[in-house]
Structure formats: structure tokens, C-alpha cells
Amino acid sequence: MSDLVCGNELAPDAELRTVLTSGNEIASRVEVFQGIIAHLQDWQTSILNKAADEVKRLKEECTVETLDLINAVAEVDSDERNTEVSFELLSTTRNKIEAYEKLKNTTALVEVALCKAEETVKLVGRIRNYYAKELGCLVAMLGLHVAIGPVDSAGGCITLTFTRLNSDIPNVACKLIIQKTSDCYKLLNMQPYVEPIVQLVDDLNRTRKWTTFLTRVRGQFQRFLTH
128 MSDLVCGNEL APDAELRTVL TSGNEIASRV EVFQGIIAHL QDWQTSILNK
178 AADEVKRLKE ECTVETLDLI NAVAEVDSDE RNTEVSFELL STTRNKIEAY
228 EKLKNTTALV EVALCKAEET VKLVGRIRNY YAKELGCLVA MLGLHVAIGP
278 VDSAGGCITL TFTRLNSDIP NVACKLIIQK TSDCYKLLNM QPYVEPIVQL
328 VDDLNRTRKW TTFLTRVRGQ FQRFLTH
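Heads up: the sequence shown begins at 128 in our numbering, then just goes up one per residue.
Just so you know, the hints here were simulated from the structure itself, not pulled from any lab data.
Beta carbons are placed, not taken as given, at the ideal position from N, Cα and C, and that holds for glycine.
Worth double-checking, as some hints may not be accurate.
Capping the alpha-carbon separation at 27 Å, the derived lysine-lysine pairs in DSSO-like fashion look like this [said to hold, decoys possible]: (1) K177 to K243; (2) K249 to K183; (3) K302 to K336; (4) K249 to K307; (5) K302 to K313; (6) K336 to K313; (7) K243 to K336; (8) K307 to K336.
Pair by pair, the computed Cβ-Cβ distance ranges are [claimed, not checked]: (9) V325 to T288: 17 to 27 Å; (10) K249 to A165: 15 to 25 Å; (11) T342 to T286: 17 to 27 Å; (12) T342 to G252: 51 to 61 Å.
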């Protein structure tokens, strides 16, 4: 464990607070993007389902009208010798043909609407892919989310917990407990134990660069968990 002592007085850990705030903001944006992507997926599904239902309904109507038309023509053929009946059936047939033509026009309009729906779905897909890409960048930038606990005023201890946002293994967390004394930081505990992190604490005492320290610690934990 590192117990390197530095001669200079410790400056306020403003950078540590800045890093914590930045990490929380990124985590919040990740949640927002995840919600947007889920909403867009639902929207896509809704558009396709509505279009499919409308096409199905029109096909069923078309089938019924076609059967009625065939029956009407058959009735005319079977009653050709009955002039009065034939004229009545011919009139009915003409009405059926007109209705069928209207139905075909309606079907054409639905096909246009379906094409527009498909275009909307493609547009929604492009938007979703954009947010998915942004989400990927955020997760890659964040990697292990850093939670910084309050400083123990009695022992001067800072607890750093690194939890994985993009892990297939749930509840995986890495933890560091660092003691802040009047002239240095001491590494009191580390779970799991990763040897290179000991040197990183020594580097922190020399540089006081928390951003660099947290980035490198996060990288060491990631390598440990994925190898």
C-alpha cells in the first residue's frame, strides 16, 4: 500500500468535486438517451402495427366486395331469360363495380400512407441510431461510473466506488478507500486488489491531478475485470 508523504499542504480538492459533478452529469445523459431510444423503438413498432392493421382491414373488405361481385354476375348469368330480374341484377352489379373501384382507390391511398409510414419508420430509425451512437460514446467515455462518498471527518477517508454501466455482470463494483492526511493520501483498502493502482496513488500525491488519477484507476479496474 502507498504511504508516500508529500511536504506541501493539501490544496482543496476542487478538481475531485468537478470530476464527480461531471461523472454524474454524464450518467444522467446516459439515462436520458436510454429513455429516448426506448421511446423511439416503441414509436416504430406502433407505426408498423397501425399500418399493418389498416392493410389487413382493407384486404378483408376487398375480399368481401369481390365475392359479392362474383355472386352478382353469376346471378345475372343464371337468370338471363328473366328480363326484369336481369335488369335489376345488372343494376346491382353496376353498383358493386363502382363500389369495387372506390375500394381499389382507397387501397391505393392506404398503400401511399403505408409508404409514408415506412419512411417515417426509417427516419425514426436514423434518429434512434444517432442517439444509440451518442449513448455508446457516453458509455465508452464513462466506462466505470465513479461514485465518491463523503469524506469521513474523523478518519479523513474518501471512498471511491467504481460500478460498471455497460457490463453483462450485474453488481460488479470496485472500491478504493483513500485516507487524506495533512500532507498526503494513503491507500487504506482496495477491492479487488490491483497492483498498478498502488503506484497511481503515489502519482496522485506528486501531481494532485484527480482527473488523471480517476481515469487511470478506472482503466486498471476495467482491464482487471475483462481479462
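Hints violated by the structure (listed by number, smallest first):
4, 7 and 12
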